[in-house]
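Number of protein chains: 2
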Amino acid sequence: MHHAVRTLLEEMPREELTVPQVAARAGVTPSTIYRRWGDLPALLADVALQRFHPDNGPADMGSLRSDLQTWAQGYQEEMSSAPGRAMTRDVLASNDARSPACQCAAITRSQIQMILDRAVERGETPPDINIVMDNVVAPLIYRLLFDDAPIDPAFARSRMAMLLDPGR
Amino acid sequence: MHHAVRTLLEEMPREELTVPQVAARAGVTPSTIYRRWGDLPALLADVALQRFHPDNGPADMGSLRSDLQTWAQGYQEEMSSAPGRAMTRDVLASNDARSPACQCAAITRSQIQMILDRAVERGETPPDINIVMDNVVAPLIYRLLFDDAPIDPAFARSRMAMLLDPGR
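Residue numbers (numbering that gives the first Met the number 0), protein chains in the order written: chain A, 0 to 167; chain L, 0 to 167.
By construction, these hints were calculated from the structure, which means they are not laboratory data.
A quick note: this is a predicted structure, and the numbers were derived from the prediction, not measured.
In this text, a Cβ means the ideal position worked out from N, Cα and C, and glycines have one as well.
Among the clues, some could well be false.
Said to hold, decoys possible - Which residues of chain L face chain A? A partial, calculated answer using Cβ under 8 Å:
| id | residue |
| --- | --- |
| 1 | Glu-10 |
| 2 | Leu-48 |
| 3 | Leu-91 |
| 4 | Ala-100 |
| 5 | Cys-101 |
| 6 | Cys-103 |
| 7 | Ala-104 |
| 8 | Ala-137 |
| 9 | Pro-138 |
| 10 | Leu-144 |
| 11 | Asp-147 |
| 12 | Asp-151 |
In isolation and in its complexed conformation, chain A is listed as follows:
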């Protein structure tokens, strides 16, 4: 079903996508989709989450600082891209009880946690994960959702730098 959605999205605007089209492409009846996902927004959110679920952990750059900076830069690029913005819209539009929006935040959180755990193993003292979410992830996503001004490409990196060097 995911493959059917992905190929259809390459052929048409998502506003025009319908459950019967996805069903036809996947060779099932629409009721199969309604039974399993409930509605189209829930299916789209599921596909979007899958697409953004990273296959492997964040790159190990040798230090907490460069791991976090590299991650922040990649995260901003990913979330600012057209597929990233579409994913955010899809997970927020779904009323699925499994809460795709929360799953989406949990994926982000687990990526950051891997970096923080690695820092502890190295003997570094990482910041609290909630501070990273509140000070770096949240402002980026808020700007993407609620602000039509262009975002500085180094925004997430510089928020991360403020967090790592609070004195500056």
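Chain A is already provided as a structure; the job is to place chain L on it using the hints.
Chain L alone, transformed into the frame defined by chain A:
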């Protein structure tokens, strides 16, 4: 039209609301609504924005610190409430070209700016408005949208305190 939407929302779940129902209640044809708003999400976003557009500026508590703290507390209560959450959902769901999500953020921004301008008149040195948006507004809204954990009722106040006393 706004009155028709508001009274219907008191009578039924918003998921069941349709354009023909709103039109019937308002005594117009559905095409009037489609012509002016485009679709139901755009109309709902317009009603939600109107409802949350504050009639007057934030309370003057005598100092920058208490103005910001009082505003942060009230903002958190408003946005965490059922109507506040519904408004956020409605403004994000709308694809209206007038971008209700950005209008919503602009209202928040103008409220904070009033507090900062008042502080300058008093001879106080206020923080930059973008810092207030990034450090207080964004983390609150991110948690409301992406996190199903309950939020500490003093969350926005304590984020504001961290911003006002960075050394602590």
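We went through each hint and held it up to the structure:
Given hint, Glu-10(L) at the interface with chain A, is violated; its Cβ is 20 Å from that chain's nearest Cβ, farther than 8 Å. Restraint check, Leu-48(L) versus chain A: the minimum CB separation of about 12 Å is more than 8 Å; hint violated. Against a cut-off of 8 Å between C-beta atoms, the interface hint on Leu-91(L) holds, since the closest Cβ of chain A lies about 6 Å away. At about 5 Å, the closest approach between the beta carbon of Ala-100(L) and any beta carbon in chain A falls short of 8 Å, and the interface hint on this residue holds.
Restraint check, Cys-101(L) versus chain A: the minimum CB separation of about 5 Å is within 8 Å; hint holds. Using the Cβ-Cβ criterion of 8 Å, the hint placing Cys-103(L) at the interface with chain A is satisfied: the shortest such distance is roughly 7 Å. For Ala-104(L), the interface hint holds, the least distance from its beta-carbon to any beta-carbon of chain A being 4 Å, beneath 8 Å. The interface hint given for Ala-137(L) is met, as the beta carbon of that residue sits about 4 Å from the closest beta carbon of chain A, less than 8 Å.
Using the Cβ-Cβ criterion of 8 Å, the hint placing Pro-138(L) at the interface with chain A is satisfied: the shortest such distance is roughly 4 Å. At its closest, the beta carbon of Leu-144(L) sits 6 Å from a beta carbon of chain A; the interface hint therefore holds under the 8 Å criterion. Among the interface hints, the one on Asp-147(L) holds; its C-beta lies about 5 Å from the nearest C-beta in chain A, closer than the 8 Å criterion. Given the 8 Å rule on beta carbons, the hint for Asp-151(L) is violated: about 11 Å separates it from the nearest Cβ of chain A.
When each numbered hint is compared with the structure, violations occur for hints 1, 2 and 12.
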